[in-house]
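There are 2 protein chains.
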Amino acid sequence: MENLRVIKVKQSVLANNDARAAALREHLKEKNVFFINLMSSPGAGKTTLLVNLIAKLKKELRVGVIEADMDAVVDANTIAEKTGVKTIQLHTSGECHLDAKMTSEGIACLGEDGLDLVILENIGNLVCPAEFDTGATLNLVILSIPEGDDKPLKYPLMFTRGNAFVFTKMDTISVFDFDVEKVEERIRRLNPEAVFFPVSAKKDEGVDALADYLITLVKAYQKA
Amino acid sequence: MENLRVIKVKQSVLANNDARAAALREHLKEKNVFFINLMSSPGAGKTTLLVNLIAKLKKELRVGVIEADMDAVVDANTIAEKTGVKTIQLHTSGECHLDAKMTSEGIACLGEDGLDLVILENIGNLVCPAEFDTGATLNLVILSIPEGDDKPLKYPLMFTRGNAFVFTKMDTISVFDFDVEKVEERIRRLNPEAVFFPVSAKKDEGVDALADYLITLVKAYQKA
Numbered sequence: 001m002e003n004l005r006v007i008k009v010k011q012s013v014l015a016n017n018d019a020r021a022a023a024l025r026e027h028l029k030e031k032n033v034f035f036i037n038l039m040s041s042p043g044a045g046k047t048t049l050l051v052n053l054i055a056k057l058k059k060e061l062r063v064g065v066i067e068a069d070m071d072a073v074v075d076a077n078t079i080a081e082k083t084g085v086k087t088i089q090l091h092t093s094g095e096c097h098l099d100a101k102m103t104s105e106g107i108a109c110l111g112e113d114g115l116d117l118v119i120l121e122n123i124g125n126l127v128c129p130a131e132f133d134t135g136a137t138l139n140l141v142i143l144s145i146p147e148g149d150d151k152p153l154k155y156p157l158m159f160t161r162g163n164a165f166v167f168t169k170m171d172t173i174s175v176f177d178f179d180v181e182k183v184e185e186r187i188r189r190l191n192p193e194a195v196f197f198p199v200s201a202k203k204d205e206g207v208d209a210l211a212d213y214l215i216t217l218v219k220a221y222q223k224a
Numbered sequence: 225m226e227n228l229r230v231i232k233v234k235q236s237v238l239a240n241n242d243a244r245a246a247a248l249r250e251h252l253k254e255k256n257v258f259f260i261n262l263m264s265s266p267g268a269g270k271t272t273l274l275v276n277l278i279a280k281l282k283k284e285l286r287v288g289v290i291e292a293d294m295d296a297v298v299d300a301n302t303i304a305e306k307t308g309v310k311t312i313q314l315h316t317s318g319e320c321h322l323d324a325k326m327t328s329e330g331i332a333c334l335g336e337d338g339l340d341l342v343i344l345e346n347i348g349n350l351v352c353p354a355e356f357d358t359g360a361t362l363n364l365v366i367l368s369i370p371e372g373d374d375k376p377l378k379y380p381l382m383f384t385r386g387n388a389f390v391f392t393k394m395d396t397i398s399v400f401d402f403d404v405e406k407v408e409e410r411i412r413r414l415n416p417e418a419v420f421f422p423v424s425a426k427k428d429e430g431v432d433a434l435a436d437y438l439i440t441l442v443k444a445y446q447k448a
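Line by line, the protein sequences are chains A and B.
The first sequence runs contiguously to residue 224 in my numbering.
The second sequence runs contiguously to residue 448 in my numbering.
So that you can see chain A by itself, here it is in the shape it has in the complex (with noise of 0.2 Å):
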């Protein structure tokens, strides 16, 4: 009908990501920065990762950092003290997410220059991030012990959408039901190229085969 106009909000607002995200992409492949997209829900441990992983990256790797909250400055101002990286924080507003629009304007604050690695601290979200394509390389997630391991099951997109995964709180397994083989199988089966990285970031178990593995990807995509 002539007189009748659908438009497909959501959609176009997706699509119009997507592009951004794609030259995002692009535009960091010509700096030869890597971006990593850290996502997972509230109080995952992703700073208190972050603050172990960093100091074995930075041995090899220039590693900037954006921390996204909605409101907070706390995770910001730990890994600034504790890493000493170049860290930049993006305050959403309230908004559950990141974009590509979003990152790319941290990422222009942060300073792409001189840097090998930018790493993205996305909001404590399993739904929303992964909606959005931010222009990553890699997107991360977390996935602690003690949230259980059904949650691939009960947020499929973020398991589907991850590259790698990392099980952190690794210590206190013992105190909670979680079975590892179970939750790397329901994870394989919605993403078959996933790979898995068990860890404590607090007694420093697991930190170095996740930073061995990151630091040879981003010199793979350097040289590439």
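To be clear, the hints were calculated from the coordinates, so they are not data collected in a lab.
Treat each hint with caution, since some may be false.
Calculated from the model, a selection of chain A residues having no Cβ within reach of chain B, i.e. all distances over 10 Å [as the list claims (entries may be wrong)]:
1) LYS31
2) LYS58
3) ASP171
4) PRO192
In silico DSSO-like pairs for lysine-lysine, Cα to Cα no more than 30 Å straight-line [unchecked claim]:
5) A/LYS203 / B/LYS426
6) A/LYS223 / A/LYS58
7) B/LYS427 / B/LYS282
8) B/LYS426 / B/LYS282
9) B/LYS255 / B/LYS283
10) A/LYS82 / A/LYS29
11) B/LYS426 / A/LYS182
12) B/LYS426 / A/LYS202
13) A/LYS202 / B/LYS406
14) B/LYS306 / A/LYS182
15) B/LYS447 / B/LYS255
16) A/LYS202 / B/LYS427
17) A/LYS56 / A/LYS29
18) A/LYS58 / A/LYS202
19) A/LYS86 / A/LYS31
20) A/LYS223 / A/LYS56
21) B/LYS427 / A/LYS182
22) A/LYS202 / A/LYS56
23) A/LYS82 / B/LYS406
24) A/LYS86 / A/LYS101
25) B/LYS447 / B/LYS253
26) B/LYS426 / B/LYS325
27) A/LYS203 / B/LYS427
28) A/LYS82 / A/LYS56
29) A/LYS203 / B/LYS406
30) A/LYS182 / A/LYS202
31) B/LYS253 / B/LYS427
32) A/LYS86 / A/LYS59
33) B/LYS306 / B/LYS280
34) A/LYS219 / A/LYS82
Just so we're clear, the structure is a prediction, and the values are computed from it rather than from any experiment.
For each residue, glycine too, the CB sits at the ideal point set by N, CA and C.
Assemble the complex: chain A is given as a structure, and chain B must be docked to it using the hints.
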């Protein structure tokens, strides 16, 4: 300017939602049904708490449950099997929260006749569900010990909108760095009327106090 129209989409949608929520609340008061909106992060222990809590509530109240999930039915099956109360599953097709329209449909489908209390288990998310009034009589928010005592600083809207707060997985507090007094103080700063219930659903500690509080509230509401 006459040729410029400013359309506040988000506010218009939210105002519309507020009107629907108010209408639902009025309808439920006429039916004498109390309605609890249970919110938390993924994996904070909503379902485990509910199984234990409902066993106590159903001695005094006729309870119905609405389980909201993006796609899964695992929690609804658990609740229905373990508690025997009337339970329905709402699928949100990827939506990160429930609004008053979805909730009204859920309650209509559950059927409010013959019930004293309906409990909605919202999507696991500390961000979006806080933005939408579901028409609930009480917002019950869970914060689990492993998530950390800094969450009120990072998700202030959720901790402002909650009426009562349950700290779950208290049996694991020796393993985590969580200060109950500090978190209560952080919540009270946002929300002076907040009340607190530390519980371990697994060890059945503190759940009686929460059940008594809710039974007293429902009975007072029904007499008013």
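Do the hints match the structure? See the list:
Listed as outside the interface, A/LYS31 is consistent with that label: its C-beta sits roughly 31 Å from the nearest C-beta of chain B, beyond the 10 Å cut-off. With a least beta-carbon separation of about 25 Å from chain B, A/LYS58 lies farther than 10 Å from that chain, consistent with its non-interface assignment. With a closest Cβ-Cβ approach of about 8 Å to chain B, A/ASP171 is found to fall inside the 10 Å limit, against its non-interface label. Under the 10 Å C-beta cut-off, the non-interface status given to A/PRO192 relative to chain B holds; the minimum distance is some 19 Å.
Straight-line distance between C-alpha atoms of A/LYS203 and B/LYS426 comes to about 26 Å, which keeps the hinted pair within the 30 Å bound. Annotation: proposed proximity of A/LYS223 to A/LYS58 holds, straight-line Cα distance about 19 Å (limit 30 Å). Between B/LYS427 and B/LYS282, the direct Cα distance comes to roughly 19 Å. Compliance with the 30 Å bound is thereby established for this hinted pair. Proposed proximity of B/LYS426 and B/LYS282 is supported: the alpha carbons are some 19 Å apart, at most 30 Å.
Restraint check for B/LYS255 and B/LYS283: satisfied, since their Cα atoms lie roughly 20 Å apart, inside the 30 Å limit. For the proposed pair A/LYS82 and A/LYS29, the alpha carbon gap of about 29 Å is at most 30 Å, so the pair holds. With a CA separation close to 22 Å, the supplied pair B/LYS426 and A/LYS182 stays within the 30 Å bound. Distance check on the hinted pair: B/LYS426 and A/LYS202 sit about 25 Å apart at the alpha-carbon level, within 30 Å; holds.
Between A/LYS202 and B/LYS406 the CA atoms are separated by roughly 22 Å; this keeps the pair inside 30 Å, and the hint holds. This hinted pair checks out: B/LYS306 and A/LYS182 have alpha carbons roughly 23 Å apart, not beyond 30 Å. Restraint check: the Cα-Cα separation between B/LYS447 and B/LYS255 comes to about 12 Å, which is no more than 30 Å; the hinted pair holds. A threshold of 30 Å between alpha carbons decides the hint, and for A/LYS202 with B/LYS427 the separation of about 26 Å falls inside it, so the pair holds.
Only pairs whose Cα atoms come within 30 Å are accepted, and A/LYS56 paired with A/LYS29 is accepted, the gap being roughly 23 Å. A C-alpha spacing of about 19 Å is found between A/LYS58 and A/LYS202, which places the hinted pair at or below 30 Å, so the restraint holds. Restraint check for A/LYS86 and A/LYS31: satisfied, since their Cα atoms lie roughly 17 Å apart, inside the 30 Å limit. Between A/LYS223 and A/LYS56 the CA atoms are separated by roughly 21 Å; this keeps the pair inside 30 Å, and the hint holds.
Note on B/LYS427 and A/LYS182: the hinted pairing holds, with a Cα-Cα distance of about 25 Å set against a maximum of 30 Å. Restraint check: the Cα-Cα separation between A/LYS202 and A/LYS56 comes to about 14 Å, which is no more than 30 Å; the hinted pair holds. A distance of roughly 23 Å separates the Cα atoms of A/LYS82 and B/LYS406; the hinted pair therefore holds under the 30 Å criterion. Restraint check: the Cα-Cα separation between A/LYS86 and A/LYS101 comes to about 21 Å, which is no more than 30 Å; the hinted pair holds.
With a C-alpha separation of about 11 Å, the suggested pairing of B/LYS447 with B/LYS253 holds against the 30 Å cut-off. Among the hinted pairs, B/LYS426 with B/LYS325 is inconsistent with the structure: their alpha-carbon atoms are about 34 Å apart, more than 30 Å. Taking the CA atoms of A/LYS203 and B/LYS427, the gap is near 27 Å; set against the 30 Å cutoff, the hint holds. For the suggested pair A/LYS82 and A/LYS56, the alpha carbons sit about 13 Å apart, so the restraint of at most 30 Å is met.
As the CA atoms of A/LYS203 and B/LYS406 are separated by approximately 25 Å, the hinted pair is consistent with the 30 Å bound. With a CA separation close to 24 Å, the supplied pair A/LYS182 and A/LYS202 stays within the 30 Å bound. Taking the CA atoms of B/LYS253 and B/LYS427, the gap is about 35 Å. The hint is violated against a cut of 30 Å. A hinted pair counts as satisfied when its Cα atoms are at most 30 Å apart, and A/LYS86 with A/LYS59 qualifies at roughly 15 Å.
A C-alpha spacing of about 13 Å is found between B/LYS306 and B/LYS280, which places the hinted pair at or below 30 Å, so the restraint holds. About 25 Å separates the Cα atoms of A/LYS219 and A/LYS82, which keeps this hinted pair within 30 Å; it holds.
Checked against the numbered hints above, the structure breaks hints 3, 26 and 31 and satisfies the rest.
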